[in-house]
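Asker: Line by line, the protein sequences give chains A and B.
With the first letter of the first sequence counted as 1, position 174 gets the number 174 in the working numbering; the numbers rise by one all the way through.
With the first letter of the second sequence counted as 1, position 166 gets the number 1166 in the working numbering; the numbers rise by one all the way through.
Derived DEER-like restraints, expressed as beta-carbon distance ranges: (1) B:Asp1128 <-> A:Asp127: 53 to 63 Å; (2) A:Phe255 <-> B:Pro1013: 53 to 63 Å; (3) B:Glu1227 <-> A:Arg67: 45 to 55 Å; (4) B:Thr1009 <-> A:Arg162: 48 to 58 Å; (5) B:Thr1185 <-> A:Val152: 28 to 38 Å; (6) B:Thr1185 <-> A:Ser170: 47 to 57 Å; (7) A:Val152 <-> B:Gln1217: 15 to 25 Å; (8) B:Glu1227 <-> A:Thr119: 51 to 61 Å; (9) A:Pro186 <-> B:Gln1217: 34 to 44 Å; (10) B:Thr1189 <-> A:Asp212: 28 to 38 Å.
Hints listed in this document are in silico derivations from the structure and should not be mistaken for laboratory results.
For every residue, glycine included, the Cβ atom is placed at its ideal position computed from N, Cα and C.
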Amino acid sequence: MAYQTIEVTKMTPHIGAEIGGVDLSRPLGNQQFQEVHDALMEHLVIFFRDQHLTHDQHKDFARRFGRLMIHPVKPRMGVDPEITPIHADENSTHVAGEDWHTDLSFAAAPPMGSILYITELPPVGGDTLFASMYAAYEALSPKMQDFLSGLVAVHDGEARFRLLGLEPRSGDRFAETEHPIVRAHPVTGRKLLFVNQEFTTRIKGLNKVESDALLHMLWRHIETPELHCRFRWRENSVAFWDNRCAQHTAMWDYFPQRRHGWRVTIEDDPVHYRA
Amino acid sequence: MAYQTIEVTKLTPHIGAEIGGVDLSRPLGNQQFQEVHDALMENLVIFFRDQHLTHDQHKDFGRLFGNLVAHPASRHSPEGHPEILTIHADESSKHVAGEEWHSDVSCDANPPMGSILYLTEIPETGGDTLFASMYAAYDKLSEPMKGFLDGLTATHDGEPVYRGRFGYTPGDKGFPRAEHPVVRTHPVTGRKALFVNGNFTTKINGLTRLESDALLQMLCRHAETPEFHCRFRWQKNSVAFWDNRCVQHHAMWDYYPQRRHGYRVTIEGDRPF
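Pulled out of the complex, with its shape left as it was, chain A reads as follows (with noise of 0.2 Å):
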């Protein structure tokens, strides 16, 4: 693809590339944000680096691709529901996303993407993987692919968050949902392969046991390197993934320094898929 108004430079083959010539900063001019958005649906994860963002101007990059969302977990920091703080020092028994997962994949419809931007990081460690589900999906045999495509899939928020001790922002539990395991992209329209080890539970219609193998054999295959970009941030490096194709799984090798940034979510409204 040729683009006019910003630098694209592919990471792999499947995921990920690096953005110049934007300042995210400042509104987006109608071709540039085209072009951003046509970079995000060819490389799934993309990237920006030194970028200095005030909350209302990371919201408003965001906003250009929809609505943002309140994140389902009672915030612990942070006062703004649209913003999540996402932290890690010395008293951190866990951090964000240490398993590969889709975001909030037990929400009834899960987010379109979320926007990181890390402010402070140690010198080395705190990588983030990212992992294309349309190359997980299209490196299954044929007869594979057919079987999973007849599937539904249990999602449920409990499965991770409860464990973590972390408790809904409202009512008694979170969200339990199903969806297909083999979705198409609203937007590309190519298949991609929707189950994660951190919310699928099981497979709708199997036994236990069926289904345990299924999804471990699966949540292997995602480990697959050649599916895989592996993103080293720096200070004030911006990344953002379309979660529904690419999952993700924070390194957390640096305990017990600090690292530190802001995450908006955006929903995924159909509306705003060619804003």
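Go by the hints and put chain B onto chain A.
Answerer: Same frame as chain A, but now just chain B:
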């Protein structure tokens, strides 16, 4: 089913029955033969107590059900009886036959219809054999999984089992290897049975290695579900006759260094479909 010439006592709801009223050393009458066959079809594995068989009588009984086949490991045959496989374990054994769940010789294009094992020496305790119904194993899979497996075939390879064991050396064509449906239809009963086993089945064809390994491990674990099993406690001169098309079995080697000894004949089978 009502039997007139034999007594049939079930061991479990799914599999296994002890048969009384039959002397296997003598030719069976037509009706008794038919009822023994019916009992085998109904119960998948049948057991006889206090039998006294010469090698020839053992073979004659086996031949009522089909041609006898020499086992690939038939080096262990009594002199002059290549169709008989000696089953033996003692203080010098490093392994015994059938220590894992398996279907006999499923690496052959036409795996055996069944086997008849006659044990003449057993330890005081131990050495039981477990049998598992592959009808029940199939029936208990979920409907989506049945639908998926119904269309698949698997590779059964003799090499991992036979290489370096039983003194077996491969022929010109190498070790036996065959492809069979993952779900086979029993040629007599018409019932569907799961037909993969941990011993011989190396992969499900058309799947990636990761997919195939995960499914085979799940299916082999599923076949270990105790509800599908019966456990036969041998006595001296007991006979077990299993239908190899719908049964897997597993020999306990929990009596080392004691001695266990007997003979097996194997009956030719058809190509699975």
